[in-house]
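Colleague: What follows is each chain in one-letter form.
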Amino acid sequence: MAGGIGMQTETGIVLERTGLRTRLLHLPIVDLTRRVLRVRLAGFAIAVILATVLMATLAGVVAPYEPNKVNPRDSLAPPSAHNWLGTDRLGRDQLTRLLYGARISLAVAITSVVISVGLGMVMGVVGGYLGGIVDDVFMRLVDAVAAFPSLVLSLALVAVMGIGLQSVIIAIGVTHIPFMARVVRSQVLRERERDYVLAARAIGAGDGRIMLRHVTPNSMQPVIVQTSITMGYAVIIEASLSFLGVGIRPPTPSWGGMLKFAFNTMDIAPWLAFAPGIAIFLLVLAFNLLGDALRDVLDPRLRGAI
Amino acid sequence: MKKYIIRRLLHMIPVMLLLSMIVFSLLRLLPGDPIFALIGEESEGLTPELKTQLRHQLGLDRPVPVQYALWLGDVFQGDWGRSMLTKRPVSSEVFNRLAFTFQLGILAWVFSLVIALPAGVISAVKRNSPADIVVTLISIVGIAVPHFWLGMMLILTFGVFWPILPTHGAVSLLDNPAQGLRHLVLPIITLGLGLAAINMRQTRSAMLEVLREDYIRTARAKGLQERAVIWIHAIKNALLPVVTVAGLQFGRIFGGAVITETIFSLPGVGRLAVESVLGRDYTMVQMSVMVMGLAVLIANLVTDLTYAYLDPRIRYG
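Line order of the protein sequences matches chains A and B.
Residue numbering for the first sequence follows this note's numbering, beginning at 1 and increasing consecutively.
Residue numbering for the second sequence follows this note's numbering, beginning at 307 and increasing consecutively.
Chain A extracted, bound-state conformation (with noise of 0.2 Å):
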């Protein structure tokens, strides 16, 4: 008999073991993460976008210069052991400018995706599950804004808002929002219908409270997926803004703006022309792979459709 305990502590003990390793697995973002990472590039997607966090975390320990810098002695300057990539007509170091544009980079695309997801989704869920004269005003106003190409309408905005980081943000942030919305609206279409919302409402939840706990989180899937491809979009509006002198506002260094600077120099230092659009196609090579593949993971019926 007291075997008979022993054995079951014994069990209880290993079970609890193998319980703590299994929970920590099946965590949600471990598991996804997981299971991300088995679809093909996903892990060189992920390692692009955590090299690029490491450069804008970093920049300010590891960058040789001071990114603002100028020296005329050293204007346009080759690579060379001192300038790793070389210098721009003012004699800025290009590494050193690389490494803070990441900053600019993924600041605006962790930003302004905020604001498209936010929006998006508040449209979305509450056009998709009132349904009548409010989805119809939502979705009427997403075919607007979705009329105009995101490019021009970021444009207008800024010309609007007037140069620089904060009007970039919400520029961006606001063009990205019909996708977004469009996105979450139809999932929402599909899960108001599920059992689980007759449920809730069986037991006498509110509208407000069947969108927020229980419709929002089981239409979350797309949004990850979307999320992930609007970052790469906002990555390449607010570089080719900043090209176009309408973006970030010199000397703060982008990539975009760098481009700009080499676009101007390319017959003498066609060299400045390289990292920076790089950087920029590699970083939004990694959101699209990334988003691919969690759309491979969270809606395998899609996988390989697209």
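Take the hints with a grain of salt, since some may be wrong.
Claimed, not checked - Some, not all, of what chain B presents toward chain A, calculated at C-beta under 10 Å: (1) 323; (2) 328; (3) 462; (4) 583; (5) 591.
Claimed, not checked - Only part of the chain B face toward chain A is listed, based on derived beta-carbon distances under 8 Å: (6) 321; (7) 324; (8) 336; (9) 446.
If you are wondering where the hints come from, they were derived from the structure by calculation, not from laboratory data.
These figures come from a predicted structure and were not determined experimentally.
Just so it is clear, CB atoms sit at the ideal spot from N, CA and C, and this is done for glycine as well.
We have chain A already, so just place chain B on it with the hints.
Modeller: Same frame as chain A, but now just chain B:
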């Protein structure tokens, strides 16, 4: 079909009104005195009395909805306002530039389809072959490369290292077709590669889907040669949606045109928008943005109608 067309046209009206409200509010949202936004820097030297009078004349003392209605009325009559820099009517400038952008956009669109359709079909038919891998890689890369950097790389390659193509300005295709096309080669590639990447992906997935259909199995089962199965049965069915859906890329074309025209100094409406933002020519910004939005809406409508005409399932769905 008639019912569907009428429904789609009615659906357009509120969207167009909302679009015009967004564009209208762009000028009204400007910080500071709207007189400045409408007349420009000359307004700064005016006396307060004159400003009040002007405000009355321009209708700025009326309620905003009334202002919007008056403005919309003017727009309908073709009065799109005057440029704050040149003082000339913006409409002629915007429409001239629009013609160029259309020309560039259509050429880039055709270029993208010419590349994407065969590439997409081959990669679907020979799934997992080296050709498929190359096409998939190109389509992944093509979507992620920013237009302006691609343009820079093309200028660097074909204008600086190996100067065989013009990288600056445009020549009218009507006056000198050969030179005109030469000037458009690099812009067309810059604008078209991203489109090609998307179209390749779409062609590939449409083909893969069609190849799984029962009628393909039937065609094979009755002993048709693989070539006939692909050409007669599969491609026809797969390309219909691809080509029509490709019509929805107008927005992307305008967005890309902003960059492409700026890099290659081309006289299109995209570059006009950038220049007007930099020159604070707000009426010009307003109109170029509005025209691009309207063009996208109309293109989408035409695409939807074509698609519905070609595929009856949409109309009654």
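Colleague: Holds or violated: residue 591/B as interface residue toward chain A, Cβ cutoff 10 Å?
Modeller: holds (5 Å)
Colleague: Can we keep the residue 328/B interface hint, with Cβ of chain A closer than 10 Å?
Modeller: holds (6 Å)
Colleague: At a threshold of 8 Å, is the proposed contact between residue 321/B and chain A supported by beta-carbon distances?
Modeller: holds (5 Å)
Colleague: Was the hint right that residue 336/B lines chain A, CB cutoff 8 Å?
Modeller: Holds, about 6 Å.
Colleague: Given residue 462/B as an interface hint, is its Cβ closer than 10 Å to any Cβ of chain A?
Modeller: holds (6 Å)
Colleague: Answer holds if the nearest beta-carbon of chain A is closer than 8 Å to that of residue 446/B; otherwise answer violated.
Modeller: holds (7 Å)
Colleague: Against chain A, is residue 323/B within 10 Å by beta-carbon distance?
Modeller: holds (8 Å)
Colleague: Hint validation: residue 324/B versus chain A, beta carbon distance must be below 8 Å. Holds or violated?
Modeller: holds (4 Å)
Colleague: Is the interface hint for residue 583/B satisfied, with its Cβ closer than 10 Å to some Cβ of chain A?
Modeller: Hint holds; residue 583/B Cβ to chain A Cβ min 4 Å, cut 10 Å.
Checked against the numbered hints given earlier, the structure satisfies every one of them.
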